[in-house]
Amino acid sequence: MYRVRALTTLSYLSPMIIGVGLISLYPILYNVYISVTNQNLYHFRHYTFVGLTNYQSLLKTVDGDFFIVLLRTFLFVAICIPLFLGLGMLTALALNHPAIRFKAFWRVALIVPWAVPSYITALVWKFFFNGEFGTFNQLYRLVAGPHAGLPWLSDPNWAFASIVLLGALQSIPTDLYEAAAVDGATAWRQFWRITIPLLRPAILPATVLSAILTFNTLNTAYLITTGGPFISAAKPGATEFVMVYAFREAFQLFNFGYIAAFAVVIFFMLFGVTLGSLRFSGLVREEAR
Amino acid sequence: MGRWHRVEEEILDGWKQWTKSAGLALLVLLGMLAAACGSTPENTGTTLNRSGTITIWHGYEGTYLDAKKAIYDAYMKQYPNVTINLVHKPNLTDAVTAAAGAGQGPDIVAWVDDQIGKWVKLEAIKPMDQFVSKDYMNSQYTPAAVDAATFEGKIYGMPEAVEAITIIYNKKLINSGQIPKTTGDLVSFAKSYSQTNPGSYGVVWNPKDAYFQAPWIYGSGGFYVKADGTVGLNTSGTKAGFNFVASFRGLMPAGIDYGIADTLFKEGKAAMIINGPWSVADYVKAGIDYGYATLPVVTGTQKPASPFVGVKTLMLGGYATNPALAVDVMKFFTNKDNQSKMVLTTREIPANKLALADPQVQAIPDIAGFGAQVKNGVPLPNTPFMSALWDPVAKALEAVWTGRQSVDAALSDAQSAAEKNVAQLK
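One line per chain: the protein sequences are A and B, in this order. Per our numbering, the very first residue in the first sequence carries number 2; after that it's consecutive. Per our numbering, the very first residue in the second sequence carries number 3; after that it's consecutive.
If you're looking for bench data, these hints aren't it; they were derived computationally from the structure. Certain hints may be false.
[To be verified] List time: in silico BS3-like cross-link candidates among lysine-lysine, alpha-carbon distance up to 30 Å:
#1 Lys236/A x Lys422/B
#2 Lys422/B x Lys123/B
#3 Lys91/B x Lys127/A
#4 Lys61/A x Lys287/B
#5 Lys268/B x Lys287/B
#6 Lys174/B x Lys91/B
#7 Lys61/A x Lys422/B
#8 Lys343/B x Lys377/B
#9 Lys127/A x Lys193/B
#10 Lys61/A x Lys228/B
#11 Lys228/B x Lys128/B
#12 Lys377/B x Lys174/B
#13 Lys91/B x Lys71/B
#14 Lys136/B x Lys338/B
#15 Lys287/B x Lys127/A
#16 Lys236/A x Lys127/A
#17 Lys377/B x Lys333/B
#18 Lys127/A x Lys271/B
#19 Lys343/B x Lys79/B
#20 Lys333/B x Lys136/B
#21 Lys123/B x Lys61/A
#22 Lys236/A x Lys228/B
#23 Lys71/B x Lys338/B
#24 Lys91/B x Lys241/B
#25 Lys355/B x Lys422/B
#26 Lys338/B x Lys91/B
#27 Lys343/B x Lys355/B
#28 Lys127/A x Lys136/B
#29 Lys136/B x Lys156/B
#30 Lys123/B x Lys79/B
#31 Lys305/B x Lys173/B
#32 Lys71/B x Lys268/B
#33 Lys241/B x Lys228/B
#34 Lys156/B x Lys173/B
#35 Lys236/A x Lys428/B
#36 Lys241/B x Lys236/A
Predicted model, so just to flag it, every value in this text is computed and none were measured.
Between the sequences and the hints, there should be enough to build the whole structure, so can you do that?
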């Protein structure tokens, strides 16, 4: 009764497997392939196999810059994740509270941002944050006087915080809202004893996925600050995260082989961190049982 | 538990088998792809047959688009078997690069000539000497425009319009006599204008971009990069240009960028803007009564400020399937009649010298205005090494503009960053 032919299982899974293979697996393999070639501006269509040269030069040229960018990106993720988890859980649970009215409206309002291209939201926020003419500083001037202004995007630390805020807002996983619908428990003990354990299977994968997506942030940072503010041409900017750095290298200098090697290294790094965090949270063990 | 193990094992076995065949399929797929990439495309479309589809990637915006579209529409009306697809690409240069990597791309790319060197290396565009003679080019376009469309002796496109930045002023706010003649005067004018008109600015432009600072740097005797890859950011001329830009700190809004400068001018909050021909149609729309003036003479060198002169060019896509037809469309688009008519709306300086000589065209003040500035300009470098410079120069400008670095420190950092980039390109 419980026996299912493996072939049956696989045929049910095949549309997904083929899809993932073409959309994800093929580009990954292709990237690994490019990383062992000399593809660049002068060998764009006619490149040759060069072995591990790109990895060697990556290790050789890895200087302070690369580590600054990497550390900053990890910091960005580390701040974004608790922020969006807190915000997301709060709104998700609030939405399921019996006292909340017009639930349908609020749900739609929370989903709409996902339908708007991030290109557009980024440009709107860029305007909000503008030092002289932006909405935030215009409002701020109402209370703080006509010459006041907060350096939202012009000061490196402020700019970092501004982008963190956006990153957190944009990466709240919708799954949280669905998961919270399972249970509308409200009391504190119920929350910790019932709600959280019930939500855990939804929260953990969502967190891991969002962490990876946040790590790979390019749109928001590049469109709003282009990775800046910059304090020097020789140092990475305050919001120059790993993908912004990679984007510059690949599309301004056309070092495709080199940047592909870079991507492979980042892949293993993220893979390691993800595996580690899953082990740590016990999810792998639990699911396997 | 045991039951589940059985299922797991079976799934695992199936998976192993499946991965074997899937791996094989993937290998075959890769092989096919490699074969497709390796084979030369069939040599069709070398003789002119006016039927088929031509796709054009462009960055035309606003009022420009309508005037240009009208010409393509006229072509389609004349030759009903031809369809011309105009595709607007917001990040055109990246899109062309990405497409070339995949062995794809449009039939025609409409962009500025500074990308030609790079795109030739990337095989994103291809020579069209087979379809058009040098004599034809010389008979139709101004010499500078022919040069712009030529790289390493081959023709890669047909020039459309010439562009450079110049001073555009608001006639309601100042008169032509008030326009500063030297860079020193420009600084003092900006100071006094802001004092007498609080909240307004004497002159605005984007001070954080390499293109917009070229007038000051080249006018001061500096340069960005030479064709052999020599970087000139730590030269005294470039430093002088940077110092001039830095002297406008406090005379323009701190957070200024291209969009803010443009908006300030449209709203009448800036007496002058330094901008190019592409902006003018929108100033007309905003109801600004404007005039032109050439950029001032650099006080230190007594040489006129020298903006980059770019040539908008229709280039033949590297993967154009019907090159003869594409070149025919280019010829039609850039011919005298169509260009004369087009620039009446777009007010661009036509690269077609017959159209430029047309008295009706000469009577347009915009063309006279920008034309005067183009004479003082330097050609926009079309060496691929220029790609290595935009970013470090922009970062150095930002560091100087925000006061985080002195001009000397910023340029010394930018010099080493640019040299590192150039070395990567070599």
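* To do: Just pull the numbers of the violated hints for me, sorted ascending.
  => Per hint list: 4, 6, 24, 25, 28, 30 and 34 violated.
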